[in-house]
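> Chain by chain, the residues:
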Amino acid sequence: MIFDYPTLKLIWWLLVGVLLVGFAIMDGHDMGVGTLLPFVGKNDEERRVVINTVGPHWDGNQVWFITGGGAIFAAWPIVYATAFSGFYWAMLAVLWALFFRPVGFDYRSKIHNATWRSTWDWGLFIGGAVPPLIFGVAFGNLLQGVPFHFDDTLVPYYTGSFWGLLNPFALLAGVVSTAMITFHGAIYLAHRTEGDIQRRSITAALIFGVLMLVGFTAAGLWIANGSIGYAITSAVDTAALPNPLAKTVELQPGAWLTNYDKAPLTMLVPALGYAGGIAALLLVWKGRTLAAFVASSFAIVGVIGTAGVSMFPFVMPSSTVPGASLTVWDAVSSHRTLGIMFWATLIFMPIIVAYTSWAYKVMAGKVTAAYIRENEHSAY
Amino acid sequence: MVSEQLVDLSRLQFAATAMYHFLFVPLTLGMVWMLVIMESVYVMTGKTIYKDMTRFWGKLFGINFALGVTTGITLEFQFGTNWAYYSHYVGDIFGAPLAIEGLMAFFLESTFIGLFFFGWDRLSRQQHLLVTILMAVGTNLSALWILIANGWMQNPVGSEFSYETMRMELTDFWAVVFNPVAQGKFVHTVSAGYVTGAMFVLSISAWYLLRGRDVEFAKRSFRIAAAFGFASICSVIVLGDESGYALGEAQQTKLAAMEAMWETEPAPASFNVIALPNEAGMKNDFAIHIPWVMGLIGTRSLDKELPGLNQIYALNRERVTVGVEAVKLLEALRKNPQDAALREAFDKVKADLGFGLLLKKYVASMDDVTPELIDRAARDTLPKVAPLFWTFRIMVALGFAMLALFGLALWYSIKGDFAQRPWLLKWALWFLPMPWLACEMGWFVAEYGRQPWTIYGVLPTHLSVSTLTVESLYGSLAGFVGFYTLLLIVEMYLMVKFARQGPGSLGTGRYMNETHHAHA
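Protein chains in written order, with our numbering: chain G, 1 to 380; chain Y, 1 to 520.
If you are wondering where the hints come from, they were derived from the structure by calculation, not from laboratory data.
Just the calculated beta-carbon pair ranges, DEER-fashion:
(1) Y:Arg125 to G:Trp116: 32 to 38 angstroms
(2) Y:Met44 to G:Lys361: 25 to 31 angstroms
(3) Y:Asp172 to G:Ile111: 50 to 56 angstroms
(4) Y:Arg122 to G:Ile111: 22 to 28 angstroms
(5) G:Gly287 to Y:Met44: 44 to 50 angstroms
(6) Y:Ile489 to G:Arg288: 45 to 51 angstroms
(7) Y:Lys47 to G:Arg288: 44 to 50 angstroms
(8) Y:Arg122 to G:Arg199: 26 to 32 angstroms
(9) G:Thr248 to Y:Val322: 36 to 42 angstroms
(10) Y:Lys47 to G:Pro350: 36 to 42 angstroms
(11) Y:Asn336 to G:Asp151: 14 to 20 angstroms
(12) G:Asp151 to Y:Tyr493: 46 to 52 angstroms
(13) G:Phe162 to Y:Val238: 46 to 52 angstroms
(14) Y:Lys47 to G:Leu290: 40 to 46 angstroms
These numbers come from a predicted model, not from an experiment.
C-beta: ideal position from N, C-alpha, C; glycine also.
Start from the sequences, fold in the hints, and give me the full structure.
Rendered as structure tokens:
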């Protein structure tokens, strides 16, 4: 193995980040389009235009989510176990919202009935809006710490409730996340459409872009002045075999800012969130939609990256038994598994990016009402 | 301690959602190759009817695929949501094939399915065929990695328990990949999917022929389905037998239960065609045997013995007794991880750790274990015989009935007069549900037959669940039942609607009922 254990642990923190960001950029723009569908499409034909901008791609994009989940299972099994079971109802809400997408896309236009189609349009709205909202709320809770602990054999126990997840800071994080995804989707939609739909999409992009930046700033101020943040108070052996019960941790308000003091270059990450967001706003306003899409993708890197960098090395702090918090050093798989999964990711990720790009290239161009009429029987 | 009810509900939810998912998977696995065949003929001959076939059957494929995707996500979530301790305990091994499935296979299949449906006018014929082939390769690779994961649950090779991290850890990745049980399962399962795809096309084509509509379209589809189906059903049966052999090596308990073999017979063992298993008496009240056959299937020899359930029970009782020691030593070792003597003692017995963990169903501390409890735990290692015995036989009987159907369908396809044989067409039509039934029976045997373990011999099902409330489980189960019932109604409605409409639904102007449904 060419990398030692601590290096691989760090690489996997980055790779999980890459997969989450990939999910937000790729599946995110589909979800943004779904969220906007009932609002920017005023009649059936317009809605079919909107849906067909993502028609050939949503399925491939959704695999970022599946693979992200699989990678967390493989690289951070105890995080996967604790988070998915602890956030039981939130995860089910995401899952059930996602149910509406495959069937909504594929079944909606197969029947010529206004009620049928409008029902699926709202289904696609739920499938687009609910997952980013809940992921944002989940991140908001991770930043504050989550009530869980383990017994001696590492069985996870979650002691909070579903409603406890919906606290003010978490809801703010949910707004940032939903605004970010909708912003990104609106820019994509503006790029792939023309006329009225494009005009409405640009308006939506401006609204949600501003909302994202305001929310991101508010969350940053909350963290700077609020009572959240955790710090490890015992010595950390990054090469040790993973055991989440071997350290001590304490609640330390403001601790989420210490990484920026220790390594000032990390300030570039939140800066990227702002720069990307502002650039995307200006570009989409000028009608330079492709450049705006690239910029909003960078904004996503910045915003999600900020959450990651702020919490590092924590992944899932425990509010009730802080010592049981899960970190990138003690919640990971074995050295061997991390190594194998690193190579698998390194080999397949460029291939995936290559054929996904080809698929977009094949389907490039504006989706128009004329296209829908010509492909009455095969388009979504 | 975890309540019995929580475990049962978690199992019920997993079983229900997994079996529901597998209503859609086999059709996807098989139809995708039928699409490749049809489109290849189109590219080679340039005959438009083959393009129409690819597109029409592709439409039905798409309706099915949507639910396959929808219900597949549930399963990936569910290991974490409902089987948290399982996820922690084996994620180091089990998570890797799931993640690789996403990277290597699911991305491929899902990206190219978009181009399959939307790329007809934007790609050359050869490019589009390549897209279809890559989609097919993706779906099948996907099955490979999932079955590698499942194969490891049946036969946990290439891994070892670590007391430091309190979980199973990977020791040999390639052993997991080339696990004979996994490879046997993969070929058997995908072949069963191919049979399902073939039966689907065969049945619906037979229906068109019985009605005398879209005859040219239906005849060509029927012939392709007959040939593909015959090859596939042969492969299912031969490879199923191969799986039986792999089981004989790896999971003798399941094999003995499937065959209602209570006692070890002198080699080669006989095969029970029919039996009335008596669980309480641990014997069969009645049985019809064929001499030698079981020994040949299970050991490929005339001189090796296959153990009966009573002998397995006696053996497992020993293992539970040793397992109690293993659990005690592990608890001590967790408190004093540096104690070399403890570690050495634990290493000697750790192979039986899982058997000791079986007792956690009854007692929190190993100090409370009694000989009666050891008996009970050993008895727990034997799955119920009757359900396995019968579901296995239904699956096999359906397999042979389908072999006959595809054999005759192929024979008359070669002779060229199948369309004039209504008995054959009706047989094909009424057999439509059979491959699904056989697939579900097969999975039942595989999964129910592994009980009481999630990881055979390593982790008891009882310990694998998430520490949720029973109310949460009732709630989520109700949600799944509600959603899935609705989705099934919608899917069946569309499937029947488009199957009835036939190739006319493409709107090409070449088929029946075109004006009638011009805008559907």
